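Q: So you can see what is in the structure, the chains are spelled out below.
There are 2 protein chains.
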Amino acid sequence: MPLAETALIAQIRRLAKAPKRNRIQVTGIGDDCAVLRIPPDHDQLVTTDFSLEGIHFRREWHPPESVGHRCLTRGLSDIAAMGGQPLAAFLSLALPPDLPQSWVTRFLRGLLALAKKYKVTLAGGDTAQSPNAILADIIVVGSVPKGQAILRSQAKPGDRIYVTGTLGGSAAALHELQAHPGKKLNPRAYPRHFYPEPRIDVARALREKKLASAMIDLSDGLSTDLAHICEESGVGADIAALLIPKACVGKSAREVSLALALDGGEDYELLFTAPASKGIPAQLAGVPLTYIGVITRAPAMCVRDANDVFHELRAQGWEHFRSNKKALSS
Amino acid sequence: MPLAETALIAQIRRLAKAPKRNRIQVTGIGDDCAVLRIPPDHDQLVTTDFSLEGIHFRREWHPPESVGHRCLTRGLSDIAAMGGQPLAAFLSLALPPDLPQSWVTRFLRGLLALAKKYKVTLAGGDTAQSPNAILADIIVVGSVPKGQAILRSQAKPGDRIYVTGTLGGSAAALHELQAHPGKKLNPRAYPRHFYPEPRIDVARALREKKLASAMIDLSDGLSTDLAHICEESGVGADIAALLIPKACVGKSAREVSLALALDGGEDYELLFTAPASKGIPAQLAGVPLTYIGVITRAPAMCVRDANDVFHELRAQGWEHFRSNKKALSS
Numbered sequence: 001m002p003l004a005e006t007a008l009i010a011q012i013r014r015l016a017k018a019p020k021r022n023r024i025q026v027t028g029i030g031d032d033c034a035v036l037r038i039p040p041d042h043d044q045l046v047t048t049d050f051s052l053e054g055i056h057f058r059r060e061w062h063p064p065e066s067v068g069h070r071c072l073t074r075g076l077s078d079i080a081a082m083g084g085q086p087l088a089a090f091l092s093l094a095l096p097p098d099l100p101q102s103w104v105t106r107f108l109r110g111l112l113a114l115a116k117k118y119k120v121t122l123a124g125g126d127t128a129q130s131p132n133a134i135l136a137d138i139i140v141v142g143s144v145p146k147g148q149a150i151l152r153s154q155a156k157p158g159d160r161i162y163v164t165g166t167l168g169g170s171a172a173a174l175h176e177l178q179a180h181p182g183k184k185l186n187p188r189a190y191p192r193h194f195y196p197e198p199r200i201d202v203a204r205a206l207r208e209k210k211l212a213s214a215m216i217d218l219s220d221g222l223s224t225d226l227a228h229i230c231e232e233s234g235v236g237a238d239i240a241a242l243l244i245p246k247a248c249v250g251k252s253a254r255e256v257s258l259a260l261a262l263d264g265g266e267d268y269e270l271l272f273t274a275p276a277s278k279g280i281p282a283q284l285a286g287v288p289l290t291y292i293g294v295i296t297r298a299p300a301m302c303v304r305d306a307n308d309v310f311h312e313l314r315a316q317g318w319e320h321f322r323s324n325k326k327a328l329s330s
Numbered sequence: 331m332p333l334a335e336t337a338l339i340a341q342i343r344r345l346a347k348a349p350k351r352n353r354i355q356v357t358g359i360g361d362d363c364a365v366l367r368i369p370p371d372h373d374q375l376v377t378t379d380f381s382l383e384g385i386h387f388r389r390e391w392h393p394p395e396s397v398g399h400r401c402l403t404r405g406l407s408d409i410a411a412m413g414g415q416p417l418a419a420f421l422s423l424a425l426p427p428d429l430p431q432s433w434v435t436r437f438l439r440g441l442l443a444l445a446k447k448y449k450v451t452l453a454g455g456d457t458a459q460s461p462n463a464i465l466a467d468i469i470v471v472g473s474v475p476k477g478q479a480i481l482r483s484q485a486k487p488g489d490r491i492y493v494t495g496t497l498g499g500s501a502a503a504l505h506e507l508q509a510h511p512g513k514k515l516n517p518r519a520y521p522r523h524f525y526p527e528p529r530i531d532v533a534r535a536l537r538e539k540k541l542a543s544a545m546i547d548l549s550d551g552l553s554t555d556l557a558h559i560c561e562e563s564g565v566g567a568d569i570a571a572l573l574i575p576k577a578c579v580g581k582s583a584r585e586v587s588l589a590l591a592l593d594g595g596e597d598y599e600l601l602f603t604a605p606a607s608k609g610i611p612a613q614l615a616g617v618p619l620t621y622i623g624v625i626t627r628a629p630a631m632c633v634r635d636a637n638d639v640f641h642e643l644r645a646q647g648w649e650h651f652r653s654n655k656k657a658l659s660s
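As you go down the protein sequences, you meet chains A and B in turn.
Just so we're aligned, residue 1 is where the first sequence starts under our numbering, counting upward by one.
Just so we're aligned, residue 331 is where the second sequence starts under our numbering, counting upward by one.
For the record, the hints were derived by calculation from the structure and aren't laboratory data.
Values in this document were obtained by computation on a predicted structure and should not be read as measured data.
Keep in mind that a hint or two might mislead.
[Claimed, not checked] With a cut-off of at most 27 Å between alpha-carbon atoms, the simulated BS3-like pairs for lysine-lysine come out as follows:
| no. | chain 1 | residue 1 | chain 2 | residue 2 |
| --- | --- | --- | --- | --- |
| 1 | A | 146 | B | 476 |
| 2 | B | 449 | A | 146 |
| 3 | A | 119 | B | 476 |
[Claimed, not checked] Chain A regions said to be covered by chain B (calculated; three or more residues, Cβ under 8 Å):
| no. | segment |
| --- | --- |
| 4 | 45-58 |
| 5 | 80-86 |
| 6 | 116-125 |
From the three backbone atoms N, C-alpha and C, an ideal C-beta is built for every residue, glycine too.
Chain A on its own, in the form it takes in the complex:
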């Protein structure tokens, strides 16, 4: 282990205040493995997500605190999508040799502030030198009462489709950044892009009240993530364009386009289905829930326009920065 890595681990241990032991962590950072004690009668949830410079973020666009926050949000949002409680995070971090120390400190600050908010312990990880770009992989471990994880595969024909919050806000920021190279965006005008809140609390409430039949988080975009639900459940979907809750962004709080709301990724809202018999409140845990369509028996996805004309809804395949111009201009 090179000295730079040793110093990084020491910094993470200090910032994470390890070896603090909490209700699930038996040892602090500094052994070959973390030792965790999952609550009895719970299943364990595990998710891993890359945050790669040039793919998921750019140093000139994203403050380091935002990169750290978004890195952890990716994992927490996956735990939320199962109705779970996040418990511990692991960070694998590879850094280029010329990266300023202040970048790392600010990145960790952003990540750890979000971890603290959700009582998630940074329990371990790996460090390495990177050939050139910053590479992070976040692993989040969570728990859910045994057998109660909300899966993608349990949507049934006739179920209603809902989303939390508003959509397209994250992609709108990216659209601005790509359209005006060199422009700096104010993170406060685009909070869903720079500091997306994982929907942990609303997801847990949905599970506890047994409202959702299937659920996924909106990381790839509504059209793509709805396709995942349909594929895993062997069903189709019919959604109405007029019902899609579009995000309002920028200083003037202008509404995003339908294309961004349908295909833009990284909103980290939730998409869930519920039997028609369930009464779904307009708001849960302080987050709006919006009815957008129904699950169908025929395995195809349609979007209905304002004139009640049906169009095929195609999963646009959110590709982060690389080729999202295609997705954003459609």
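Go by the hints and put chain B onto chain A.
A: For chain B alone, kept in the frame of chain A given last:
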């Protein structure tokens, strides 16, 4: 998610034969999180390890099967170091767009062959496009009976120090590759470099027989990993050069230098301590155990030469390919 990623996930699902459910996996690959059921009365172990092209392997030196095998060995070896049983693995894999499909297939073949040997399920992960190099992060989840994980921090003055197998074999291969650019090595002549076996079985036997007080796997090299044990336990160590079991490598099975055995990394053998009262067999689970020194109260590390002269043993800091010439030439 780009189409290339979707194809990769489909390939992994097919090769991993998911959604096969085993004793711990509740869902197959294809949801936001994997859902695992850890055996009751067990603590859970989690470890993450990067395998980065240019840092941990080179495409021109390592067959893809070897890269996949070594990637998983890094995680399994960490589970072994705690005396644990590996259960599930998660693979985050970012690939450059021009990588031949055959490379990925062969990489997965190497990784999954080792997973099968230790009954480890590939339960999930993440995929992304990489700007240029191949990036893998392996996460392994394991279990150990509650409170029985063997930590780095429990070595006591007077404990004896042991290693499994022989040392320096992996670094010797790297030495050859660096000394003769363009040369291809026969993996069979350097098995500990190309296909290192994680010491799962011997570690579990040490735990079950309650023989080891502290343990670590030799990933960074004996001098560095012994320093980790000493630091976490607040002790020192005195080892004898003549006792270090040196690997024999190459077609002629020549013995490696003392420097390689002391400082070479990535052997994935185990270093453990045991109270002097414990009878340690010469072999356990088919693997030789070698006594190499004792834990001391004074927090310094010494190596004794053939003339019984003490030298300070310094942690050389294994830095993989980048600057390991320093470590290898010492």
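Q: Now tell me if each hint is right for this structure.
A: Hints and how they fare:
1. A/146 - B/476: Holds, because 19 Å separates the two Cα atoms, which is no more than 27 Å.
2. B/449 - A/146: holds, 23 Å
3. A/119 - B/476: holds, 23 Å
4. 45-58: holds (count 11)
5. 80-86: Per the Cβ count (3), the hint holds.
6. 116-125: Satisfied; 3 residues make the cut.
Checked against the numbered hints above, the structure breaks none of them.
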